[in-house]
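Counting from 393, one number per residue, gives the positions in the sequence shown under my numbering.
Please note that a few of the clues may not be correct.
Simulated DEER-style distance windows between Cβ atoms [claimed, not checked]: (1) His520 x Ala613: 30 to 36 Å; (2) Asp519 x Val444: 31 to 37 Å; (3) Pro449 x Ala470: 23 to 29 Å; (4) Pro453 x Asp490: 32 to 38 Å; (5) Leu575 x Gly484: 27 to 33 Å; (6) Arg555 x Trp595: 21 to 27 Å; (7) Thr486 x Ala418: 19 to 25 Å; (8) Asp664 x Ser417: 30 to 36 Å; (9) Gln671 x Val432: 42 to 48 Å; (10) Ala613 x Ala648: 18 to 24 Å; (11) Asp450 x Ala470: 25 to 31 Å; (12) Asp567 x Gly484: 41 to 47 Å; (13) Leu443 x Gly592: 38 to 44 Å; (14) Ser566 x Pro474: 48 to 54 Å.
Derived by calculation from the structure, the hints in this document are not laboratory data.
Since this is a predicted model, take the numbers as computed values, not measurements.
C-beta: ideal position from N, C-alpha, C; glycine also.
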Amino acid sequence: MAALAAPLPHLRSRLTINGDPASYSADLALALALADGADVASLARFRALDLVVETKPDLTPVSDADRAVEAAMRDTLAVERPHDALLGEEYGVTGDADRRWIVDPIDGTKNFVRGMPVWATLIALSDHDRVVVGVVSAPALGRRWWAARGEGAWTSDLDGSIRPCRVSQVSALSDAYLSYSSLNSWPEAREGGGIHGLLGQVWRSRAFGDFWSHVLVAEGALDVSCEPSVSLWDIAALQVIVEEAGGRFSDLAGEAHPDRGSILCTNGLLHDATVSLLQQ
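Build out the structure end to end from the sequences listed, making use of the hints.
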């Protein structure tokens with residue numbers, strides 16, 4: 393597959409808020425353009441009758457769409473940001489630089505290969521190990537979320553309108569809406585502690601899973617989301633979106649780094665109480 397086109401002037405003119413041109417960094421504009429191209433490529437293979445699916449050494453599925461989308465993003469970044477490093481789920485690390493792009497071509501591959509629409513392309517940029525740009529694009533849902541440090545977090549809806557992301561103001565776990573990954577991924581949890589203790593404290597819970605849980609926290613539809621086992625490419629883009637929306641991002645122990653192997657996102661008001669319960 394050829395490199396993804398980067399129609400930056402067109403992209404900037406299309407992304408407006410209340411009629412006024414939005415001011416985005418060049419890196420965020422590039423990430424959004426990469427997402428535009430990834431949407432086209434991934435949707436072309438979604439529910440395709442000839443989709444090729446293989447099993448990776450870690451026993452997770454990978455489709456021809458995963459590999460093609462990442463390869464195309466790599467080709468584009470090699471041209472647009474030749475001095476930056478790159479980490480991708482399918483093809484590993486390229487380069488060694490303080491600026492590093494982190495991409496997951498299709499987060500939610502199991503959904504993708506079963507024809508379920510909850511999957512997304514995740515694109516992040518870290519600078520000296522701090523995530524500064526994040527884009528989550530879910531074309532089968534008609535939704536996208538993005539953020540850059542100091543520029544806020546935003547989302548586009550099905551009708552094409554753009555609005556800022558803001559976390560909820562729920563301040564008690566008894567009023568909170570929680571989303572978690574499958575309980576099968578919490579084998580160490582025990583009744584009365586860990587995830588089960590948290591489930592017993594909240595108002596409502598559902599397992600939306602993958603990126604979906606965490607961007608819903610960013611836009612205020614959920615109050616808490618958590619997963620016990622994730623990779624850096626699964627969550628790097630989510631950190632800046634959640635934090636720019638006013639929330640808190642950490643691992644399950646409360647450390648605010650995306651490379652700790654787990655994730656907890658909250659509206660901030662519930663973070664410490666949630667960490668305490670998850671550590672029991």
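For each hint, the structure was consulted:
For the pair His520 and Ala613, the supplied restraint of 30 to 36 Å holds, since their beta-carbon distance comes to about 32 Å. Range check, Asp519 to Val444: Cβ separation about 36 Å, and the 31 to 37 Å hint holds. Between Pro449 and Ala470 the beta carbons are some 26 Å apart, a value that agrees with the proposed interval 23 to 29 Å. Evaluation of the 32 to 38 Å hint for Pro453 and Asp490 yields a pass: the beta carbon distance comes to about 33 Å.
Remark: the range hint 27 to 33 Å for Leu575 to Gly484 is upheld by a beta-carbon distance near 31 Å. Between Arg555 and Trp595 the beta carbon distance is about 25 Å. The supplied range of 21 to 27 Å therefore holds. Checked against the hint of 19 to 25 Å, the pair Thr486 and Ala418 passes, with Cβ atoms roughly 21 Å apart. In this structure the hint that Asp664 and Ser417 lie 30 to 36 Å apart at CB holds, the actual value being about 32 Å.
The supplied range of 42 to 48 Å is met by Gln671 and Val432, whose beta-carbon atoms lie about 43 Å from each other. Take Ala613 and Ala648: their Cβ atoms lie about 22 Å apart, and the range 18 to 24 Å holds. Under the hint 25 to 31 Å, the C-beta atoms of Asp450 and Ala470, about 27 Å apart, fit the expected range. The hint said 41 to 47 Å for the Cβ distance between Asp567 and Gly484, and at roughly 43 Å that hint holds.
Separated by about 41 Å at the C-beta atoms, Leu443 and Gly592 satisfy the suggested range of 38 to 44 Å. A beta carbon spacing of about 52 Å between Ser566 and Pro474 agrees with the range 48 to 54 Å that was offered as a hint.
Of the hints listed earlier, there is not a single one the structure fails to meet.
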